[in-house]
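Asks: I would like the entire structure built from these sequences, with the hints used as guidance.
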Amino acid sequence: MTHTPLHARPRTHPHTPARGTPARSTHKAWRLLTPWLFLLAPLALLITFTYAPIANMVAYSFTDWDGVSPELHYTGAGNYTEIFTREDLFQVFWVSGYYLAASVIQIVAALYFATILSFNIRFRNFFKGVLFFPSLVNGVAIGFVFLYFFQDRGTFDTVLGLFGYHTDHAWLGTPTSANVSLAGVSIWRYLGMNFVLFLGAIQSIPGELYEAAELDGAGRWHQFRYIILPGIKPVLTLTVILSVSGSLSAFEIPYIMTGGATGTETFVIQTVKLAFQFNKTGLASAAAVVLLLIILLVTWVQRRLVPDDRVDLV
Amino acid sequence: MTRRAVARALVYLSLIAATLIVLLPLGVVLLTSLKTENETANGGGALTLPHDLLNFHNYVTAFQDGGMLRAFGNTAFILVVSVGGTVLIGSMTAYAIDRFTFRFRKLVIALFLVAALVPGVTTQVATFQIVHSLGMFDTRWAPIALYMGTDIVSIYIFLQFVRSIPISLDEAARLDGANAFTIYRKIIFPLLKPAIATVVIVKGIAVYNDFYIPFLYMPSQDLGVISTSLFRFKGPYAAHWETISAGAVLVILPTLIVFLALQKYIYNGFMRGATR
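Heads up: the sequence lines are chains G and A, in that order.
Residues in the first sequence are numbered from 630 upward in steps of one, following the working numbering.
Residues in the second sequence are numbered from 331 upward in steps of one, following the working numbering.
Keep in mind the hints are simulated off the structure, nothing from the lab.
Hints may contain errors.
Heads up, simulated DSSO-like pairs for lysine-lysine below, C-alpha to C-alpha not over 30 Å straight-line [unchecked claim]:
no.	chain 1	residue 1	chain 2	residue 2
1	A	K436	G	K862
2	A	K564	G	K902
3	G	K657	A	K436
4	G	K757	A	K594
5	A	K516	A	K594
6	A	K436	A	K523
7	G	K657	A	K516
8	G	K757	A	K523
9	G	K862	G	K757
Replies: This is how it looks when you write it as structure tokens:
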């Protein structure tokens with residue numbers, strides 16, 4: 630987690646041609662070519678599977694292409710108006726709200742557990758492992774585990790019964806409770822990932838800071854507020870972006886568990902269905918462009934609010 | 331003093347509650363996987379113990395009828411090729427970007443950087459058309475190409491490590507007459523071992539668990555990887571929770587073993603991978 634600022638090191642490049650020597654032209658050409666030989670495969674893959682799709686997607690989004698036939702017609706902004714005016718298509722944005730709310734809970738809980746487990750706690754490694762393990766588990770397996778968990782008279786009902794709360798509620802049966810259940814599953818699944826990130830960031834804060842604070846009589850809360858929170862700010866903001874884009878692009882858990890039934894269809898489920906079941910490639914592309922723009926916008930706003938100089942490659 | 335004790339008790343209580351929440355659903359599935367058809371059908375409560383704790387019948391059914399052997403084979407093939415490719419591609423890119431000055435270097439960096447902002451799920455509709463036109467649809471090469479082609483995180487991890495290798499090593503080798511490829515192969519690549527371990531772990535787990543890409547690009551039954559094969563359990567075994575549970579446990583178990591064996595590296599790997 631300890632980043633050294635990447636741009637800090639003064640760099641001398643060994644490959645600047647030595648001046649004064651008679652340059653043999655083949656040798657020089659070879660030298661100019663060398664970096665490109667290394668970059669050939671990576672750039673080819675990058676362009677083929679990232680940039681070409683983006684360009685095509687934008688182009689498709691203005692057409693009524695079905696993805697199969699050679700015929701396609703230019704429809705202007707028609708697909709975009711459809712997305713924002715057809716209520717059944719727009720509905721998926723509201724579903725994202727459940728996942729957004731879930732990620733707030735998830736971040737707060739992860740922060741709590743990371744903080745307490747960075748102090749001295751018995752069985753620390755056991756608790757760390759337990760909290761982190763779900764983020765390594767296969768999504769399909771998690772989907773099945775929780776389908777069983779939420780069944781009528783299943784595990785969840787049985788556990789509630791132990792606490793004297795009897796219900797014959799179909800957890801995945803109504804839109805609200807189904808979405809809340811699914812969002813709960815994604816908290817269960819992703820909490821550990823945030824937790825580990827926070828934990829790493831907290832551990833990279835020098836220990837003397839706590840000692841000094843303790844001498845000054847600062848309690849745990851003050852240590853958290855004035856040492857930990859500022860210390861992990863970069864990771865925290867990164868987590869916020871990842872959570873927003875994750876909430877908007879929720880797919881696996883709802884698709885596996887409900888297939889998008891009972892009002893649990895998310896943006897990505899809808900796009901996949903439009904493109905691959907209903908052959909509406911044009912409309913699906915427009916939807917994907919909208920999603921991409923929202924995510925880029927969120928990232929941009931976040932960068933403006935919290936400028937973070939450490940994220941650049943150079 | 332007492333307030334401290336209460337706070338401490340509450341902290342432990344919250345940890346125990348979290349542990350239960352994490353382990354209960356997994357534990358119940360493990361129990362269910364050992365039950366007989368009758369035991370699950372009677373709805374005798376999810377928390378009861380199976381009569382025979384060593385009843386592995388469901389595992390046999392899941393493994394054979396669910397085609398799990400083939401699924402593990404397909405997953406292993408895709409995993410090895412795409413993780414190997416990611417390591418090669420990532421390290422080569424990092425070497426070229428860090429050790430050379432060339433025209434358009436900044437542009438190349440920007441291309442990789444901007445690509446990191448584009449979430450893969452959003453471009454899948456158009457990517458599908460490209461994969462299709464390259465004739466890779468419904469072959470193992472579709473996921474392999476996609477996993478290798480878009481992994482900016484691993485490039486970033488390699489870049490950080492290449493930077494930490496002193497340039498004087500390159501220069502010394504160059505004086506001995508080594509060219510760029512020899513330097514990459516004999517000096518840089520071997521010194522990247524910790525980075526390679528990180529990338530192998532993070533990428534390996536991501537590929538093992540991925541559902542979206544194999545689901546879209548390899549619909550054929552016999553190309554099923556573990557995610558898609560397990561997903562297919564939903565139809566034929568819809569009411570047979572004991573078989574589905576056994577399938578889920580079969581898929582989770584390798585992850586658990588790897589996690590317990592490599593805990594330390596996995597934590598480090600994920601922290602490096604996710605913070606970029």
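Asks: Give a verdict on every hint.
Replies: Now the hints, each set against the structure:
1. A:K436 with G:K862: holds, 28 Å
2. A:K564 with G:K902: Cα-Cα ~19 Å, so holds.
3. G:K657 with A:K436: holds, 21 Å
4. G:K757 with A:K594: Satisfied, since the Cα-Cα distance of roughly 11 Å is no more than 30 Å.
5. A:K516 with A:K594: Holds - the C-alpha atoms of K594 (chain A) and K516 (chain A) are around 28 Å apart, at most 30 Å.
6. A:K436 with A:K523: The hint holds at about 27 Å.
7. G:K657 with A:K516: Given pair K657 (chain G), K516 (chain A) holds - Cα atoms ~23 Å apart, limit 30 Å.
8. G:K757 with A:K523: Given that 30 Å is the threshold and the Cα spacing comes to 26 Å, the pair holds.
9. G:K862 with G:K757: Holds. K862 (chain G) to K757 (chain G) sits at ~21 Å (cutoff 30 Å).
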